[in-house]
Amino acid sequence: MLTLKCPYCGIQADETELSPGGEAHLTRHGPGSSDGDFHDYLFARQNRRGVHFERWRHAFGCGKWFLAARDTQTLQVFGTYPAQVLEPPQHIRDAINQSQN
Amino acid sequence: MSTRLATGGRLIDRTTPRHFTFNGKRLTGYAGDTLASALLANDQMLVGRSFKYHRPRGIVASGAEEPNALVGLGRGDRFEPNQRATTTEVFDGLEATSQNHWPSLNFDIGAINARFASFLPAGFYYKTFTWPRSFWKHLYEPIIRKSAGLGRAPDPEARDPDSYEHFHAHVDVLIIGGGIAGMETAKRIGETGVRVLLIEQDVDWGGRAPVDGGEIGDQPPEDYIGGLLASLNAMDNVSLRTRCMGAGVYDHGYALAYERLTDHTPAAKGPRHRLWRIRAAQIITATGALERPLAFAGNDLPGVMLASALRDYVVNWGVSPGDRTVIVTNNDDAYRSALILRRAGLAVPAIVDARVLPQDSPLMAEARALGIRILQGHAIDHVIGQKRVTGVALCAHAGAGGAVIDEIACDAVAMSGGWSPVVHLWSHCGGKLCWDETRAMFRPDHNRPPTGDKGQAFVTTTGAANGMFTLQEVLDDAVATAAQITKTPPMTSAAPQAQAQEEAPLAPVWMMPQGAGVHHRAKAWLDFQNDVKVSDVQLAAREGFESVEHAKRYTTLGMATDQGKLSNINGLAILSGALGADIPDVGTTTFRPPYTPISMGAIAGPGRGDTFQPIRRTPIHDWLAANGAEWEPVGQWRRPYCLKRPGETTHDAVTREVTNTRKNVGLLDASTLGKLIVKGPDAGRFLDMLYTNMMSTLKPGRCRYGLMCNENGFLMDDGVVARLDADTYLCHTTSGGADHIHAHMEDWLQCEWWDWQVYVANVTEQYGQIAVVGPNARKLLEAVGGLDVSRETLPFMGWVEGALGGIPVRIFRISFSGELSFEIPVKAGYARHLWDHLLSACRDFGVMPYGTEALHVMRAEKGFIMIGDETDGTVIPQDLGMDWAISKKKTDYLGKRAQARPDMARPDRWKLVGLETCDGAVLPDGAYAVAEGRNANGQRKVFGRVTSTYYSPTLGRGIAMGLVQNGPDRLGEVIHFAKSDGVTTIEARIVDPVFYDKDGEKQNV
Chain A
1 MLTLKCPYCG IQADETELSP GGEAHLTRHG PGSSDGDFHD YLFARQNRRG
51 VHFERWRHAF GCGKWFLAAR DTQTLQVFGT YPAQVLEPPQ HIRDAINQSQ
101 N
Chain B
10001 MSTRLATGGR LIDRTTPRHF TFNGKRLTGY AGDTLASALL ANDQMLVGRS
10051 FKYHRPRGIV ASGAEEPNAL VGLGRGDRFE PNQRATTTEV FDGLEATSQN
10101 HWPSLNFDIG AINARFASFL PAGFYYKTFT WPRSFWKHLY EPIIRKSAGL
10151 GRAPDPEARD PDSYEHFHAH VDVLIIGGGI AGMETAKRIG ETGVRVLLIE
10201 QDVDWGGRAP VDGGEIGDQP PEDYIGGLLA SLNAMDNVSL RTRCMGAGVY
10251 DHGYALAYER LTDHTPAAKG PRHRLWRIRA AQIITATGAL ERPLAFAGND
10301 LPGVMLASAL RDYVVNWGVS PGDRTVIVTN NDDAYRSALI LRRAGLAVPA
10351 IVDARVLPQD SPLMAEARAL GIRILQGHAI DHVIGQKRVT GVALCAHAGA
10401 GGAVIDEIAC DAVAMSGGWS PVVHLWSHCG GKLCWDETRA MFRPDHNRPP
10451 TGDKGQAFVT TTGAANGMFT LQEVLDDAVA TAAQITKTPP MTSAAPQAQA
10501 QEEAPLAPVW MMPQGAGVHH RAKAWLDFQN DVKVSDVQLA AREGFESVEH
10551 AKRYTTLGMA TDQGKLSNIN GLAILSGALG ADIPDVGTTT FRPPYTPISM
10601 GAIAGPGRGD TFQPIRRTPI HDWLAANGAE WEPVGQWRRP YCLKRPGETT
10651 HDAVTREVTN TRKNVGLLDA STLGKLIVKG PDAGRFLDML YTNMMSTLKP
10701 GRCRYGLMCN ENGFLMDDGV VARLDADTYL CHTTSGGADH IHAHMEDWLQ
10751 CEWWDWQVYV ANVTEQYGQI AVVGPNARKL LEAVGGLDVS RETLPFMGWV
10801 EGALGGIPVR IFRISFSGEL SFEIPVKAGY ARHLWDHLLS ACRDFGVMPY
10851 GTEALHVMRA EKGFIMIGDE TDGTVIPQDL GMDWAISKKK TDYLGKRAQA
10901 RPDMARPDRW KLVGLETCDG AVLPDGAYAV AEGRNANGQR KVFGRVTSTY
10951 YSPTLGRGIA MGLVQNGPDR LGEVIHFAKS DGVTTIEARI VDPVFYDKDG
11001 EKQNV
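Protein chains in written order, with our numbering: chain A, 1 to 101; chain B, 10001 to 11005.
The hints are simulated quantities; they were obtained by calculation from the structure and are not laboratory data.
Keep in mind that this is a model prediction, so the values were computed, not measured.
Here a beta-carbon is modelled for each residue, glycine too, at the ideal position from N, C-alpha and C.
Any given hint could turn out to be false.
Just some of the chain A residues that point at chain B, by a computed CB distance under 7 Å [to be verified]:
(1) Met1
(2) Leu2
(3) Thr3
(4) Gly30
(5) Pro31
(6) Phe38
(7) His52
(8) Gln76
(9) Val77
(10) Ala95
(11) Asn97
(12) Ser99
Cut-off 30 Å, straight-line C-alpha distance, at most; resulting in silico cross-link-like pairs (BS3-like, lysine-lysine) [said to hold, decoys possible]:
(13) B:Lys10487 to B:Lys10454
(14) B:Lys10387 to B:Lys10025
(15) B:Lys10941 to B:Lys10979
(16) B:Lys10679 to B:Lys10888
(17) A:Lys64 to B:Lys10454
(18) B:Lys10052 to B:Lys10387
(19) B:Lys10487 to A:Lys5
(20) A:Lys5 to B:Lys10025
(21) B:Lys10779 to B:Lys11002
(22) B:Lys10896 to A:Lys64
(23) B:Lys10998 to B:Lys10888
(24) B:Lys10998 to B:Lys10779
(25) B:Lys10779 to B:Lys10644
(26) A:Lys64 to B:Lys10679
(27) B:Lys10827 to A:Lys64
(28) B:Lys10699 to B:Lys10998
(29) B:Lys10663 to B:Lys10487
(30) B:Lys10025 to B:Lys10269
(31) B:Lys10454 to B:Lys10699
(32) B:Lys10679 to B:Lys10699
(33) A:Lys5 to B:Lys10454
Next up, chain A with everything else stripped away, as it sits in the complex (with noise of 0.2 Å):
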């Protein structure tokens, strides 16, 4: 059971408090796109083992959307981070790259 600490109100959460929300980062696609750009924004997602960018909300705590960054298979949580983003901040994409090195 993970734990994460949701970036609103500093708790360390466990897993039973939050919801998962599936990857993180995609962009919407609405009316006009292709439909090979819509089925990919619905249906195609990474599924990576290792650095995932992922969704959760601290459902059962103060309600917000975060943001977290973990290696799916050694469990490493790089940081978590408000979900008012387009791509993962500096100081994410840092702590991944220096576990890497």
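Chain B: place on chain A using the hints.
Same frame as chain A, but now just chain B:
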């Protein structure tokens, strides 16, 4: 025979007898006995029958790894199958029954299977019962089901009378295993002041050391353990628990432990089992090692035991499993059993050692000095005996067997194939293993540990679990582990000096004799519990089941309650031999929690019965309960299906409620309706994205029905939206949908449109809601008084605010029944007051509450859809003929793009229609419209299904709604629906889904 010795038994109290029964026979043991030791003391060698061949089986082990001695314990509501006799403490009144036999343990008809063993090889069922196909369902399956399974499941009507609980613990260090290694580590870590939890699955501390002997410092192990325990008890930061098994290790330092509190004293108060849910910064597994059996012909006969278990019975419980015991081994450790037996005055006619050593090791020399005959390079050719051992036939280990050199009469055989560290808990969360060639075992690979959230190793392992077997190795390892965890240089106090005899290396023996022929291999058991022999694993390899995971499932090696604690390593060694591969290349099967089975009660904990799930109650719940409510669950709410009067059937009550509502006025407790306030400058824009229709154009004071789809285009919720002011909307969701829709809104607001200024608040429980429905509804509100609810002031789909009978309310003029209808939200604290007020305002109008079934019938009569009935997560609004609720003007809304995908735009989708049976009967719910012919899977072709079906009191006949291929184009056509027997059909005509008041005149008055 097996018997109680006159002296000895460090764990038993001979002054306190314990009376128990086995298969109804009264037997006596002592306090401190396990059921296994007490059975052996009573010469009960035969304790069960094997799973497949029903062969007689006896006790093999002395602990959690026991594969054979599984019994049913207790009776009635307290009956439990498959309990290990070796870990069951004897108490007065214990009732045990053996398993897997008919008609009796001694004479078993199923044992005839053993005669046909050669016809029942691995994969027998897969191969045999495929032909002819029709035989499976009617002949093979019933017979196999009858004979399958280990033990008997408790009566499904039984209700466990015991209580269980969960404990949450947060510690710095969790140490699993209370042997020398675990205790020494705990003491040294505890001394630094961090919080330590040390758990031990057995009743007693110290593990194997008191039996195996040696000296620590100048003390015998038992005294040293006593000292350790005293120092641990003296530390406030250290918690100790016995009868507490480390069951599983999970992500980020989470662990489960299973504490058996009152199994040994059933009359005691308090919970029976406790599940510990532990979060530990560090976990240390000091789980010891398990001895491996040797695979020789007849190694499953009662009387053949693990060498270590045999000496456990002598030392711990003063029980000798046999008067004359032959030891068979590939290592020095088994010599300890010989020495202990001999010193207890028992005969050891021979030690059969597969090895040929250049010179005697110290243990060997000691045995020889006691006059024990040692036969090096020898093997057991086969065991002699029917229901128990009467002797062994010996041969050269190097041969193929069959050339018997000697026969030795004996009544017990102690076997040892070496030791395997208990690596289960290390492996649960990803710890990897490496193969130790010298000791022929898998041990934890410290370079590949389970990793925690910072990438750190959060599990470490020490002592025998780490492959350290001698006393000195164990103590040194404990000291090193403690130093590593506390990040201090190795302690000023080094490990105490231990004295134990040096051991000669073992020789790996996976099969005995080395080149055992086919006849021998088919009698040499690997997995006692599942009846898997050497020949079965070899057959699996020949047939292509080369992966260890495949071979396991094909042969059932390592399955069931013991999960192969004794058999796995031997099995995979045989597999690798058959494949010509190295053991580490074949690898192990996956170790999964729990380590040994834990009770369902412990998993459920206190969460059962009334505490299984909280029940949400509306403010009017108590009134409904007192007035005949027949409850049905709606999410976590309870809603009244109908409100029965004395003498009424459910059908009568529903009919009365519908009729009265249509004729007079009905009251519905609609408090469960979801109520979400959506507020902010961008609220209209936001709702335009969430609903398929336009909400931003809604005027304050007005309501609009809306549909909500997910990004896949499928309809997920519906409800009426009211605009409260320029910035504020109140969105009604389906009952039970509020939390889910609230989360959906938050998701899009927080993660996609985070710059939009909108707040959402779920106020579902802040308000009660009462629907006043029927031709007399307006008159009733006027009688209560205080608000103008005339057609002019409050038109259909409008709302007003004010005080009704002095109670502050809002009134929505909306209808889910087709009648004149007002829905009145009121602060929860006032809801019951308003309800009582409405009921008593005026008797002349025929006020009568109604339940959810009347609500459903009336909405179906009007052709209104219900989320969850007409929708199932694959239905788009267009399927329901609701194109009118989809904005053509909006460039975007959730689901719009998906609804343009080719499959969604397909012309022949199943679409909503009304259905009328030709004879007026009620269609079965969920029935399929069937066509001639069959599809590619041999199933009947279908082209539609019933989604809602009711008896309509208003129309006096059955009505239904359904989804039918091209349905709206087929009005008037008669189609056939299959009944539940799948054969007979019922005819129904496709009609318009609105059965009642098509023009909507009644709701518009």
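Taking the hints in turn, this is what the structure says about them:
1. Met1: The hint holds - Met1 (chain A) has a Cβ within 7 Å of chain B, the shortest such distance being about 4 Å.
2. Leu2: Constraint on Leu2 (chain A) satisfied, holds at 5 Å.
3. Thr3: Holds, about 5 Å.
4. Gly30: The hint holds - Gly30 (chain A) has a Cβ within 7 Å of chain B, the shortest such distance being about 5 Å.
5. Pro31: Hint on Pro31 (chain A): holds, closest Cβ of chain B at ~5 Å, below 7 Å.
6. Phe38: Holds, because the Cβ-Cβ distance from Phe38 (chain A) to chain B comes to roughly 6 Å (cut-off 7 Å).
7. His52: With a closest approach of 14 Å, the His52 (chain A) hint is violated.
8. Gln76: At about 4 Å, which falls below the 7 Å cut-off, the nearest Cβ of chain B leaves the hint on Gln76 (chain A) intact, so it holds.
9. Val77: This hint holds: Val77 (chain A) lies near chain B, its Cβ roughly 4 Å from the closest one there, short of 7 Å.
10. Ala95: It is violated, given that the least Cβ distance between Ala95 (chain A) and chain B is near 10 Å, above 7 Å.
11. Asn97: Hint violated; Asn97 (chain A) Cβ to chain B Cβ min 13 Å, cut 7 Å.
12. Ser99: holds, 6 Å
13. B:Lys10487 to B:Lys10454: Roughly 17 Å between the alpha carbons, so the hint for Lys10487 (chain B) and Lys10454 (chain B) holds.
14. B:Lys10387 to B:Lys10025: holds, 19 Å
15. B:Lys10941 to B:Lys10979: It holds: about 14 Å lies between the C-alpha atoms, which stays within 30 Å.
16. B:Lys10679 to B:Lys10888: holds, 25 Å
17. A:Lys64 to B:Lys10454: Given pair Lys64 (chain A), Lys10454 (chain B) holds - Cα atoms ~23 Å apart, limit 30 Å.
18. B:Lys10052 to B:Lys10387: Holds - the C-alpha atoms of Lys10387 (chain B) and Lys10052 (chain B) are around 17 Å apart, at most 30 Å.
19. B:Lys10487 to A:Lys5: holds, 26 Å
20. A:Lys5 to B:Lys10025: violated, 59 Å
21. B:Lys10779 to B:Lys11002: Distance of about 15 Å is within 30 Å: holds.
22. B:Lys10896 to A:Lys64: holds, 27 Å
23. B:Lys10998 to B:Lys10888: The given pair, whose Cα atoms are some 25 Å apart, holds under the 30 Å limit.
24. B:Lys10998 to B:Lys10779: With a Cα-Cα distance of about 24 Å, the restraint between Lys10998 (chain B) and Lys10779 (chain B) holds, given a limit of 30 Å.
25. B:Lys10779 to B:Lys10644: This hinted pair holds, its Cα atoms lying about 26 Å apart.
26. A:Lys64 to B:Lys10679: holds, 18 Å
27. B:Lys10827 to A:Lys64: holds, 27 Å
28. B:Lys10699 to B:Lys10998: holds, 27 Å
29. B:Lys10663 to B:Lys10487: This hinted pair is violated, its Cα atoms lying about 82 Å apart.
30. B:Lys10025 to B:Lys10269: The hint holds at about 28 Å.
31. B:Lys10454 to B:Lys10699: Violated. Lys10454 (chain B) to Lys10699 (chain B) sits at ~54 Å, over the 30 Å cutoff.
32. B:Lys10679 to B:Lys10699: holds, 15 Å
33. A:Lys5 to B:Lys10454: Holds. Lys5 (chain A) to Lys10454 (chain B) sits at ~12 Å (cutoff 30 Å).
Of the hints listed earlier, those the structure fails to meet are numbers 7, 10, 11, 20, 29, 31, in rising order.
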